[in-house]
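Visitor: Next come the chains, spelled out residue by residue.
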Amino acid sequence: MAAGKSSSASKEDQYAALRELYRPHIDSFDYFIDEGLDKMLQSIRPVEITVPNSPTTLRNILPASIRFSLLFFFFLPFARRLQFSGAVFCVLSKLCHLRGADSEKLIFHGEEATEMGGYFICGGMERLVRILILQKRNYPMGLIRGSFVNRGAGYTDKAVIIRCVQDDQSSVTIKLYYLLNGSARLGFWLGGREFLLPVGIVLKALIDTSDREIFTSLTCCYSDHYERGKGVVSTQLIGERAQIILDEVRDLSLFTRTECLLHLGKYFRSVMEGFEKDDFETVAEAVLKDYIFVHLQNNHDKFNLLIFMLQKLYAIVDQTASPDKADALQYQEVLLPGHLITVFLKDRLQDWLRKSKRLIVEEATKNKSFDLNDSQEVRKFLSKTSAYVGKAIQSMIKVGKVNSQSGLDLPQRDGMTIHAERLNFHRYISHFRSVHRGSSFAKMRTTSVRKLLPESWGFLCPVHTPDGEPCGLLNHMTSTCRISSFYNSEGATKDFQKIKMSLIARLVGAGMAQLLPRIERTGPPEVLHVHVDGCIVGSIASAKIEEVIPEDLEVGYVPLSHGGAYPGLYLFTNPARFLRPAFMEIRCPDGGDGGRNKLFPATHEEIHPTAILSVVANLTPWSDHNQSPRNMYQCQMAKQTMGFCGQALKFRTDVKAFHLQMYVILLLAVRWLIKIFFQTPQTPIVRTATYSKYCMDEFPSGTNAIVAVLSYTGYDMEDAMILNKSSVDRGMFRGHIFQTECIDLSAKSRDNVTEFFCKSNLSRDTTASIESDGLPRIGENIFPNEQYYSVCNNLTGTVRPIKLKGSEPAAIDYVAVNGTNFKDRLQKANIRLRRVRNPIIGDKFSSRHGQKGVCSQLWPDIDMPFSANTGMRPDLIINPHAFPSRMTIAMLLESIAAKAGSLKGKFIDATPFASSVKERSKSIVDELGPMLASYGFNYHGTEVLYSGVFGTEMKCEIFLGPVYYQRLRHMVSDKFQVRTTGRIDQITRQPIGGRKYGGGIRFGEMERDALLAHGASYLLHDRLHSCSDYHIADVCSICGSLLTATVIKSESQKKAKRDMLGLPTVKPPKNFACQACKTSKGMETVAMPYVFRYLASELAAMNIKLELRLSNRTELPTTTSEES
Amino acid sequence: MERAAGGVSYQRFPRVRIRELKDDYAKFELRDTDASMANALRRVMIAEVPTVAIDLVEIEVNSSVLNDEFIAHRLGLIPLTSAAAMAMRFSRDCDACDGDGSCEYCSVEFHLAARATDSDQTLEVTSNDLRSTDPKKSCKGILIVKLRRGQELRLRAIARKGIGKDHAKWSPAATVTFMYEPEIRINEELMETLTLEEKRNLVESSPTKVFNIDPNTQQVVVEDAEAYTYDDEVIKKVDAMGKPGLIEINAKEDSFIFTVETTGAITAYELIMNAITVLRQKLDAVRLQDDDADLGELGAHLVGG
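Chains as they are written, first to last, in my numbering: chain A, 968 to 2091; chain B, -16 to 288.
It should be emphasised that the hints constitute simulated quantities derived from the structure, not laboratory data.
Be aware that a few hints might be false.
Claimed, not checked - Residues from chain A that keep clear of chain B, each with C-beta distances beyond 10 Å, as calculated:
#	residue
1	1219
2	1236
3	1239
4	1355
5	1389
6	1438
7	1456
8	1478
9	1522
10	1662
11	1771
12	1872
13	1978
14	1996
15	1999
16	2001
What the hints assert, rightly or not - Keeping only pairs whose Cα atoms sit at most 30 Å apart, straight-line, the calculated DSSO-like set for lysine-lysine is:
#	chain 1	residue 1	chain 2	residue 2
17	B	192	A	1889
18	A	1871	B	10
19	B	219	A	1889
20	A	1922	B	182
21	B	129	A	1072
22	A	1692	B	265
23	A	1871	B	192
24	A	1871	B	5
25	A	1922	B	192
26	A	1871	B	219
27	B	226	A	1922
28	A	1889	B	182
29	B	129	A	1873
30	B	182	A	1871
31	A	1922	B	235
32	B	192	A	1873
33	A	1871	B	220
Note that the Cβ used here is the ideal one computed from N, Cα and C, for glycine as well.
Model the full assembly from the supplied sequences, consistent with the hints where possible.
Guide: Structure representation (structure tokens):
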């Protein structure tokens, strides 16, 4: 591992890059603690309780201390060891007691020195909120989608959609549909259904305005002298459409704002909760406030935005502007953990208030003495249901399900959280850097959402996405990609209001005309609307657009075009957007160019080309020399590597349990944790710059194996590889699997029957491995079916020993006892088992270039080829056929480079695209070749090898050098399936399936066909009959039935006789008779599959008789019933 | 042994010349024999010369960071001084202890007890901490595990005789390799046609220093024939220069140069001598096979362990 120990300060810096990767998770939760919670509580509508027959009204039952209690009941940072407690908090967030701890303190607390936090500990599991892609907030997006037509008659496939997000991060999506008649409908979801309002009503209800004003505002972007040309977004049709919109309102005989409000109020009072008693106008105001453009407070702003959206909608309809691409990253943002929790908590609190209100009202109507002013009484009712709020948050983190009636405007309801697996470090990092497109897209047939779009350049890694089902949906952020947050780079909270004001001031200074309060009379060709976070703040002459940029400001300047995207200047400062660093051309006030090259014509420049790759993809050496799918495979395999999953492994058992199985049968809740641990990992000789940047040496995951590329024995065909047995003996690729069983006997205790750990003092057969407390001794080796702990039932007093399952022996690594609920008996314990997994035939290995292989032989060292001058025998032999079709040139380069590096004693930098940054005159081989030659080796990395068996020189030169190989977690010991005899199915008597139960592998129809084609009938009979459900049935050849055989009781005299003589009783041969024919004359025995008999009985149940005709059928001369 | 057909004897009398002999390193020439003989010697040295290595570990206390299996594996790989290994018995053949490996004829017992009490420094447990019942056995300080304050390691280990074929820990050889002695012929006539620059290029074409230019006569001379790795670089260069036959290199089929390095369990001299003994025993076993004799210990070698 890391050799040089640097001072603690520089060590902190060393991990800074790593911690930066986890920032989005921690920052958003920090904000939730800092301000989000307050803002959310403020935005909850006060609940008013009035009891009929009672004069008092209770307003705002939300207790003032709620913030305090919320923090302390649900988000209290308990020490992580208390796995049975249910605290929900984000590790290393501001609530965490380890926040800001240096690595020494972290180690002291039993954490990794590199601990990055960002996840939640819930019920002993580490879970993180999955970053989901959402539509960009506060941006009106024009879309064409076939499903819009289904909204009703007259609807078209065109709409402008805006996802409005309030301060408390809850959002309401507004859709503006275009109708065939030229009008538009404004739609939003309320209480589980979509409400569609004529846009005119909303326009009129928002502000006091006249028809003329609406007309001029709508048509302001059109002028008669415009022709179809650059920047013209509107056509003359807009006048007619404005007329239609106004006519619609007039037809409803709504003229003034008040009339519109009354109309809306009447419509919505029944669905708006808590407004049953209010007048229509209040209801309508509430609808406008809570559902229409919630990101804006001012009705004038809302009016302006609606006008703008209409203009955009019409431009898209008239094809003077193109629809926006919903799949492009520029129209997307992400869902962050803090935001999700805020939104969900708000919903749950509202639900809680609703429930409490109902309870109080019920109580007050029943109980006359109930005083609403008695805060103690009210509080009692409040606390009745308050526990559910915390439980809901907990279960959301635990299960990932968002249980809410409204759906919270989220794209999906489940799969919001995932388990942070620490199988190895690559996997662990990847969890936190992954971005999912949404589970609904997984089912879609179209592949357009999965495409890699140029907009994702530098934000999402083009390499690191799984192949197969989630391909293109589950992406990973590049190593440099950040997410904008509420905090600036100094860690202070951003004041968005202030930023906005200064921005407006700057824009005004730059020539922006502020619009106060109405949208001005001109549109795109001459001036551009300026939107700041979805609010139109003014317009600026399109000729002079210059920006002054605060930190993390996103400037969306859509220039004038013909038939292109709808023009405007869109500024965004809000959180949850993708950001990434780049060099940028900024005109400095002093006229300088910031020291950049004048000759370079672009406005932006990449810092380094590797910025387009994710962390894991960045770790592939010279990935620019590989065929691209191989790099993808490597990203997959890096995450399956058996490596150092954690240095604090010793302390991590109890927390890290993850559910694989629940054993309910035994009244036991058993949880399993599987961790794979690699005994002798090394640091790679050839590594990229990212490797040291992200301190991968803390968690190494492979071995520099000496690899020879030759086909030597035939055992390396088809991606098989030969391992040197002596190398394996010496510890290469050795590993262990740690498996923790969390046994909670209290969880399943019923009534007064409790179970606890106890050693039986009665039975002698309990093995020595169980100690007096009923738990195993640490270090003990347990063999399959051996008892390793025992449980006592206090009702029956019996002691039940538990046996080790599986076919592998295990060592007891660690036993932890949980005493939090320790009354008098021990009920909770964690037992960590350790299993040795040394490489055996069938285990899977891979290099870092998507070249996986299965170990086919552990070849004796003496039989391996050897080099005459060094005496070196390879650790591993792979077949040269692995290269031509896969074109993993980087693997060959790695071999040469690692050879040169190990001779020189230096690590070799293998950062991809290095040649495009540095002026490199030579190719990599030309750099490494002379280095090899200077040490007396072949320029091209080949060596003359001698056969280990014959001692003679091999005809051709062999490519030999160290390559970093990873051992993958797929091991035969977990997968092999073999059986001779064993359990059978009760009904069919055929062997059962399933590896766990000792079942067989299905010999199915296609296999049967193959045997038939081969004419291997004996084998077929053996497989499908003799080894399966061979059965000898008694068939009555007279009636042909195989179900009617009954046993004739043999005379008991014989038995008695034997008894008298004192001889052992012998079962008399059974005699059968046909029950239908009442005779045993026709009884024959026939061998058949048992299922056939079963089929006969099933048919009999349906009143169908199955008749067998035996070839040696005996016929009764008298009564023949041939026909049937 | 029966004579080959025709009564001709193919018996050869190999010669050995030792060039260099150190405790853990030897270089010698083996002449007048063929590859099968040389390779057999190499294979026996690596895989069949017996040594003693820890084979059974009973761990009493282990609170170190490494788990029991890990420590046991590390202990096994420690080379123990095995000069007497040839005279010892394989524990499975041992009559004195019924093969359970706990008698002086077939095993050596070690004890290790270490506990870190020093507050600041980690305690390095090395192979020197292994205390043996047989005081003759000792070994160099090889790190086993590091202990933090309060951690303890206490164990009993039994070393047994074994061969490298069974497990690499019993292999006394770190490296055993041989090369065919090269025979380099320079066609001086053709060489005269070369300019000095060409000669220099020719000399540098070999990554190892095989040739040199005599500073006085400016002739290409063979400086170190054995540095040649049969990589054909010089031959390729000669062909590229359009002068085939300028240099010819052939491997002598009957001369081998051996390089032997040991792990330290036994000396290089012992390794070579024991290898010859083992090889002879194996040949004897083959000879005796017809007689259906009881092979005893040799049989173990024959059947591979």
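Visitor: Taking the hints in turn, state whether each one holds.
Guide: So, going through the hints one by one against the coordinates:
1. With a least beta-carbon separation of about 79 Å from chain B, residue 1219 of chain A lies farther than 10 Å from that chain, consistent with its non-interface assignment.
2. For residue 1236 of chain A, the requirement that its beta carbon stay farther than 10 Å from each beta carbon of chain B is met, with the minimum near 69 Å.
3. Consistency note on residue 1239 of chain A: stated as away from chain B, and its beta-carbon is indeed over 10 Å from all of that chain's, at 63 Å minimum.
4. Chain B leaves residue 1355 of chain A outside its interface by the beta-carbon criterion, the shortest separation being 45 Å against a cut-off of 10 Å.
5. Listed as outside the interface, residue 1389 of chain A is consistent with that label: its C-beta sits roughly 18 Å from the nearest C-beta of chain B, beyond the 10 Å cut-off.
6. At roughly 39 Å, the least C-beta separation between residue 1438 of chain A and chain B is larger than 10 Å, which holds for a residue marked as non-interface.
7. Chain B leaves residue 1456 of chain A outside its interface by the beta-carbon criterion, the shortest separation being 39 Å against a cut-off of 10 Å.
8. Residue 1478 of chain A, annotated as away from the interface, keeps every beta carbon of chain B farther than 10 Å; the closest lies near 68 Å.
9. Residue placement check: residue 1522 of chain A keeps its beta carbon more than 10 Å from all beta carbons of chain B (closest about 54 Å).
10. Every CB of chain B is more than 10 Å from the CB of residue 1662 of chain A (nearest about 20 Å), matching its label as outside the interface.
11. Every CB of chain B is more than 10 Å from the CB of residue 1771 of chain A (nearest about 17 Å), matching its label as outside the interface.
12. Residue placement check: residue 1872 of chain A keeps its beta carbon more than 10 Å from all beta carbons of chain B (closest about 19 Å).
13. Non-interface status of residue 1978 of chain A relative to chain B is upheld: no Cβ of that chain comes within 10 Å, the nearest being about 39 Å off.
14. No Cβ of chain B comes within 10 Å of the Cβ of residue 1996 of chain A; the nearest lies about 44 Å off, and the non-interface call holds.
15. Distance check for residue 1999 of chain A against chain B: the nearest CB is about 47 Å away, which clears 10 Å, and the non-interface claim stands.
16. With a least CB separation of 54 Å from chain B, residue 2001 of chain A remains clear of the 10 Å interface cut-off, as annotated.
17. Taking the CA atoms of residue 192 of chain B and residue 1889 of chain A, the gap is about 26 Å. The hint holds against a cut of 30 Å.
18. With a CA separation close to 26 Å, the supplied pair residue 1871 of chain A and residue 10 of chain B stays within the 30 Å bound.
19. For the hint linking residue 219 of chain B to residue 1889 of chain A, the alpha-carbon distance of about 23 Å falls within 30 Å, and the restraint holds.
20. A hinted pair counts as satisfied when its Cα atoms are at most 30 Å apart, and residue 1922 of chain A with residue 182 of chain B qualifies at roughly 28 Å.
21. Only pairs whose Cα atoms come within 30 Å are accepted, and residue 129 of chain B paired with residue 1072 of chain A is accepted, the gap being roughly 22 Å.
22. This hinted pair checks out: residue 1692 of chain A and residue 265 of chain B have alpha carbons roughly 23 Å apart, not beyond 30 Å.
23. Straight-line distance between C-alpha atoms of residue 1871 of chain A and residue 192 of chain B comes to about 19 Å, which keeps the hinted pair within the 30 Å bound.
24. Between the alpha carbons of residue 1871 of chain A and residue 5 of chain B the distance comes to roughly 27 Å, so the proposed pair stays at or under 30 Å and holds.
25. Using a Cα cut-off of 30 Å, the hinted pair residue 1922 of chain A and residue 192 of chain B holds, with the two alpha carbons roughly 23 Å apart.
26. Taken as a hint, the residue 1871 of chain A and residue 219 of chain B pair is honoured in the structure, with Cα atoms around 27 Å apart against an allowance of 30 Å.
27. The hinted pair formed by residue 226 of chain B and residue 1922 of chain A meets the criterion: a straight-line CA distance of about 24 Å does not exceed 30 Å.
28. For the proposed pair residue 1889 of chain A and residue 182 of chain B, the alpha carbon gap of about 26 Å is at most 30 Å, so the pair holds.
29. Straight-line distance between C-alpha atoms of residue 129 of chain B and residue 1873 of chain A comes to about 27 Å, which keeps the hinted pair within the 30 Å bound.
30. With a CA separation close to 29 Å, the supplied pair residue 182 of chain B and residue 1871 of chain A stays within the 30 Å bound.
31. Proximity of residue 1922 of chain A to residue 235 of chain B is assessed by CA-CA distance (about 16 Å); at most 30 Å being required, the pair is judged to hold.
32. In summary, the hint linking residue 192 of chain B to residue 1873 of chain A is supported, as the alpha carbons are separated by about 24 Å, within the 30 Å threshold.
33. For the hint pairing residue 1871 of chain A with residue 220 of chain B, the CA-to-CA distance comes to about 27 Å; that is within 30 Å, so the pair holds.
Figure legend: structure checked against the earlier numbered hints; every hint is met.
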